[in-house]
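Student: Each protein sequence line maps, in turn, to chains U and R.
Quick note on our numbering: the first sequence kicks off at 2 and runs consecutively.
Quick note on our numbering: the second sequence kicks off at 2 and runs consecutively.
Worth flagging that the hints you see were computed from the coordinates, not collected in a lab.
Glycine included, each C-beta is placed from N, C-alpha and C at the ideal position.
Take these hints with a grain of salt, some might be off.
Unchecked claim - Sample of chain U residues with no beta-carbon within 10 Å of chain R, all distances over it, derived:
id, residue
1, F49
2, A58
3, E66
4, E90
5, E97
6, G141
7, R143
8, T161
Said to hold, decoys possible - To spell it out: a stretch of chain U is covered by chain R in this simulated footprint if at least three of its residues, at any positions, have a beta carbon under 8 Å from a beta carbon of chain R; those stretches are:
id, segment
9, 59-65
10, 144-158
Here is what each chain is made of, one letter per residue.
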Amino acid sequence: VRECLGDARVREPQALVDRVLAELIGDEGNEDDVCVLALRLVEERAPFRVTVPAEPAQVVRVRRELASWLARLDLDERRRADAVLAVSEAVANAVEHGYGFDPGGRVYVEARVEGGNVLMTVRDSGGWREPHASHERGRGRRIMETLMERVTVDAGGDGTVVRMALALGEAGT
Amino acid sequence: VIPSETLRIERATVAAGDLLTLHGELDLMSAGMLDDVLAATGACVTILDLGELSFLDSAGIRAIDRAHRRLKAQRRTLRIVARGGSRAAWTLRAAGFPDELVLPSVEAVG
């Protein structure tokens, strides 16, 4: 099996099985039953956790670090970029509206894999809010809701928690 | 103009007007740079090409909205270009930015 796969990296179990069968048996008829099993190893990943000061430059940092954490998950490039954007929106919102750019504020970001989803949480303990949400203000929220499978926002007196979920693999595409 | 490590704005003159091509990331961090560069343009038509951006967020889109309003008040025009399949085109759509305001190429600016 190893010989017929060579250096090729096949991500999908079905594609891998097809390739092994094509290499080993090809178009020749076969009298015996052949069974090839492929297993996908689901790697236990340590959760992503960062705490950053409420500064615009830190939003960029969260994006870089989250992107590298996401890189090894079963997500295509577009879905990875979507997850980075959605989290970035939530962090930027905490920096801008949760803390009003007060660098003493802290934004907590967490991402973990659970039940075939990436669950992402952005938390702030800021209390400052714009009294009137303008139309423009809603764009960040809309981006999150369009790109993620699920978004919940709990805003209370002691801060805001944004929770988002994105399905891994084929289910999400 | 405040320089930014994450955004580069390339300026050119084309038949339709001033063309600003954005490279890198237009976000909360760099949106102010776009405000400054736009304030320094004077052509009747200013074209913003977002197709080369690797990242655009809602703060970047707000900067585009501001530019729209400011130029309109001066009886000037802002045109947005983002080729199909680009990250910016995808993000603008996700944000609910009107499709009809996004042109597929600089050549499409009339």
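Student: Next, verify each hint and record whether it holds.
Tutor: How the hints compare with the structure:
1. F49: With a cut-off of 10 Å, F49 (chain U) remains clear of chain R, as the shortest Cβ separation is near 19 Å.
2. A58: Incorrect as stated: the minimum Cβ-Cβ distance to chain R is 6 Å, not above 10 Å.
3. E66: Non-interface label on E66 (chain U) holds, nearest chain R Cβ at 15 Å vs cutoff 10 Å.
4. E90: Per Cβ check, E90 (chain U) is inside 10 Å of chain R; nearest 6 Å; violated.
5. E97: The claim is violated: E97 (chain U) sits with its nearest Cβ about 7 Å from chain R, within 10 Å.
6. G141: 4 Å, violated
7. R143: 5 Å, violated
8. T161: Per Cβ check, T161 (chain U) is outside 10 Å of chain R; nearest 16 Å; holds.
9. 59-65: Three-residue rule met by the segment 59-65 of chain U, so holds; n is 3.
10. 144-158: The restraint on the segment 144-158 of chain U holds, since 3 of its residues have a Cβ under 8 Å from chain R and three suffice.
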